[in-house]
Amino acid sequence: MTESRIVLMTMKDRILPKADLPRFLDKLLEGGRVITPVDQGDFSLYRPLAKGEQVCLDYIRPACSAKEVFFPQNETLFYFLERTQKGLEHPEANERTVVFGVPACDLRGIEAQDRLFESGAFQDSYYMKRRRSALLIGLGCLEPGASCFCHYFDIDRLAGPSADLFFVPVGESFYISVHTAEGERLVGDLPVATEDHRAALEQLRARPAKFSTEKVPLDSIVRGLKERFEDPLWEAVAAKCLGCAACTFVCPTCHCFDITDETLRGVGRRVRTWDSCALPKFTLHASGHNPRMATPQRMRQRILHKFSYYEDNQGMISCTGCGRCIEVCPVNMDIREILAELAATAVE
Amino acid sequence: MKKAVKREMNDWEKELRRVAADLLSSGKVAVVLGYGRGTLPGRARPVFLTKAEEAEALIYNEQCRNNLTVYLPRLVAKGKVAVVCRPDDVRSLVGLIQEKQIEREQVHVIALAPEGSPPPLYDTLIKTEVTLENQNQERLEALAKKTPEERWQWFEGEMAKCIRCYACRNACPMCYCSECFVERSVPRWVGEGADRSDTMIFHIVRAMHAAGRCGECGACAEACPMGVDLALINQKINSDLLRLFAHKAGVDPQAPPALATFDPKDDNDFIK
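Respectively, the protein sequence lines represent chains A and B. Using the numbering used here, the letters of the first sequence correspond one by one to residues 1 to 348. Using the numbering used here, the letters of the second sequence correspond one by one to residues 1 to 272.
Calculated from the structure, these hints are not laboratory results. Heads up, the beta-carbon is just placed ideally off N, CA and C, and yes, glycines get one too. Careful, some of the hints might be misleading.
[Stated by the list, open to error] Restraint ranges, calculated between C-beta atoms of paired labels, are given here:
id, chain 1, residue 1, chain 2, residue 2, range
1, A, 77, B, 114, 52 to 58 Å
2, A, 203, B, 129, 46 to 52 Å
3, A, 31, B, 196, 39 to 45 Å
4, A, 209, B, 255, 52 to 58 Å
5, A, 344, B, 53, 40 to 46 Å
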C-alpha cells in the first residue's frame with residue numbers, strides 16, 4: 001500500500017477511447033479472471049467475463065452488489081471426514097481477478113466489508129484471500145437513478161480513491177485516474193490525459209446531480225437511534241414488510257452469515273451462507289427463543305445495524321445509498337422514507 | 001401560471017375512493033387495503049388506510065402488481081378489512097376462505113374487473129378498463145410443446161437465477177405456513193443458500209404445494225428480483241390440474257382444492 005501511494009505521485013491519468021474498451025478487457029483477461037457487469041436481459045450482474053463477451057454498462061449499476069465477488073452467497077470453508085473429523089484442504093485456488101465497472105456506491109460497500117473482514121477485530125482469511133488477489137476498477141456514474149441516494153453519504157460519484165483505477169466516461173473516452181502501481185501496470189501504455197481532458201472532466205463534475213429525494217440530517221438520526229430501540233415507529237414502518245430477504249441479499253454491505261455442516265457419504269463440508277435479519281430463523285436460539293421474533297424487530301435490526309452499530313464498531317455508516325433495496329422490494333418499502341420518518345420524529 | 005400535472009382521474013378510481021371513504025366513515029371496516037403511488041416511477045404499492053380522508057391516496061392501474069390478499073391473515077385480527085382485489089386476486093381470497101385462514105365475514109371485497117367478467121366473489125364490484133397480463137397462454141403452450149429435455153434445460157436456467165430471497169414465497173397469499181419447510185432445522189429438509197439443487201428443491205416443493213391452489217395472480221414473478229419465470233411454472237402445473245382433475249383454483253368457493261379431496265367413487269384410471 002505505502003509503496004503504491006509513493007508511486008502515485010508520479011502516476012499520470014490516462015485516456016481510453018470507449019471503442020477500445022472491449023480490447024482493453026480482452027487484454028485483462030489474459031492475466032486472469034475479469035468480473036464485469038454482464039447483461040441478464042432486464043438488468044446486469046457482476047459476472048466473470050468470457051473472451052469476446054460484451055460488458056454491459058447500460059444500467060446505473062448491476063442488480064446485485066459487488067460484495068458477492070469477495071463474500072459469495074455460499075462458500076465451502078473446508079471439508080472433513082465425518083468418521084475421523086479430520087479436516088481436508090480448502091479446495092479453492094484464488095486466481096488474479098480484476099473487477100471492472102464498480103460504481104462509487106459499490107466501492108463504498110467494499111470499503112465497509114473490508115473494515116469488517118480485514119481490518120476489524122477479526123481477519124477473515126477467506127475474504128482476504130479473494131480481496132487481495134483482486135484489482136478494482138471503478139466507474140463514474142453520470143446520472144443517478146430514481147432509487148439512488150448516495151448523496152446522503154457524501155459519495156462522489158465521479159471518484160473512487162479506494163479503487164486501483166477509476167474510469168469516468170467523458171464524451172467518447174474514459175478518463176482514467178490511476179491510484180495504485182498495480183493499476184498503473186494495466187494502463188501504462190495508454191495515452192496520458194491532457195489539460196483538455198481534465199477540463200472536460202471538471203465540467204462534468206460541475207454539473208448538478210438530480211436526485212429524487214432531499215438529503216436527511218444523518219448525524220441527528222444516528223445520534224438518536226439507540227434511544228429509539230422501543231419506539232412504536234418500528235411497528236408502523238414494518239407493517240407492509242412481507243419478510244423476504246431481497247433487500248438484504250442485494251445490499252452491498254449486509255454481511256450476516258450462517259455456518260452449517262453438511263455431510264454426504266462420510267465427507268462433510270462446513271459451509272458459510274448469507275443470512276438475513278429479515279428471515280424468521282435469524283438469531284433463533286437453540287432453545288427456540290428468538291430476541292427478534294417479529295418483523296418490526298427485524299426491521300429495527302436492519303436499520304440500527306447500518307446506522308448505529310456499524311458506526312460504533314467500524315467507524316462508518318454501512319449504507320451506501322445504492323438504492324437496490326428500494327428497487328427489489330416487492331412492496332416498494334423505501335429506506336429513504338424510514339430515514340425521513342426518523343428525522344421528522346427525532347428528539348434532540 | 002402553474003402547470004397542471006395532475007392526472008385526470010378515471011371513473012373507477014373515483015368510485016374506488018368513494019367506496020373506501022364510505023366504508024371507513026361508516027365504521028363498516030377498520031382498514032382499507034388498497035394500492036397507492038409508490039416512490040419509484042411506474043410503481044404502485046400497498047397502502048393501509050384507516051381514515052376516510054386517506055381514500056384520496058387510492059389508485060388502480062396497470063402498475064398495481066401486488067396481490068393484497070397476502071396481508072389478510074395477519075390483518076383480520078384487528079377488525080374487518082376491505083381489500084382491493086384484481087380479478088385473479090379474488091381466486092386467492094377464495095382459497096384463503098376455503099383453507100380457513102380468514103372468514104368470509106372478516107373481509108369486504110372490492111373487486112375491480114373489466115366489464116362482463118365478474119369475479120366469483122365480491123361485495124363491491126367496480127368496472128375498470130385496466131387489464132392485467134399475469135397469464136400468458138402462448139408461452140404456456142410453447143412450454144408444453146417442449147421435449148422433457150428442453151423443459152428441464154429451461155427450468156435449470158430459471159433456477160440458476162434464483163438467490164433464495166423468498167420474495168416469491170412471501171408475496172404469495174397461498175404461502176401462509178407459519179413455518180416454511182425450508183426454515184426447519186430439525187430435521188433439515190433442504191440446504192440454505194443458492195446451491196442449484198437446493199434451489200430446485202425449494203421451487204419444486206413450493207410449486208407442488210401451490211398446485212391447484214395457486215390463483216395465477218403472478219405476484220411471485222412480480223416479486224422476484226432476479227426475473228425467475230415463476231408465474232409460468234405455476235401456470236403450467238395449474239393447467240395440468242385442470243386437465244387431470246377438471247379443477248381450477250379459487251373459482252368456486254364450494255369446491256375444495258383438488259389435491260385436498262378424496263372420493264371413494266373415483267375410478268382411479270390414472271393408475272396403469
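Verification of the supplied hints:
1. The beta-carbon spacing between residue 77 (chain A) and residue 114 (chain B), approximately 56 Å, falls within the hinted interval of 52 to 58 Å.
2. The given range of 46 to 52 Å is respected by residue 203 (chain A) and residue 129 (chain B), whose C-beta atoms sit roughly 48 Å from each other.
3. Between residue 31 (chain A) and residue 196 (chain B) the beta carbons are some 30 Å apart, a value that contradicts the proposed interval 39 to 45 Å.
4. Checked against the hint of 52 to 58 Å, the pair residue 209 (chain A) and residue 255 (chain B) passes, with Cβ atoms roughly 57 Å apart.
5. Judged by the Cβ atoms, the range 40 to 46 Å given for residue 344 (chain A) and residue 53 (chain B) is violated: they are separated by roughly 20 Å.
Of the numbered hints listed earlier, those contradicted by the structure are 3, 5.
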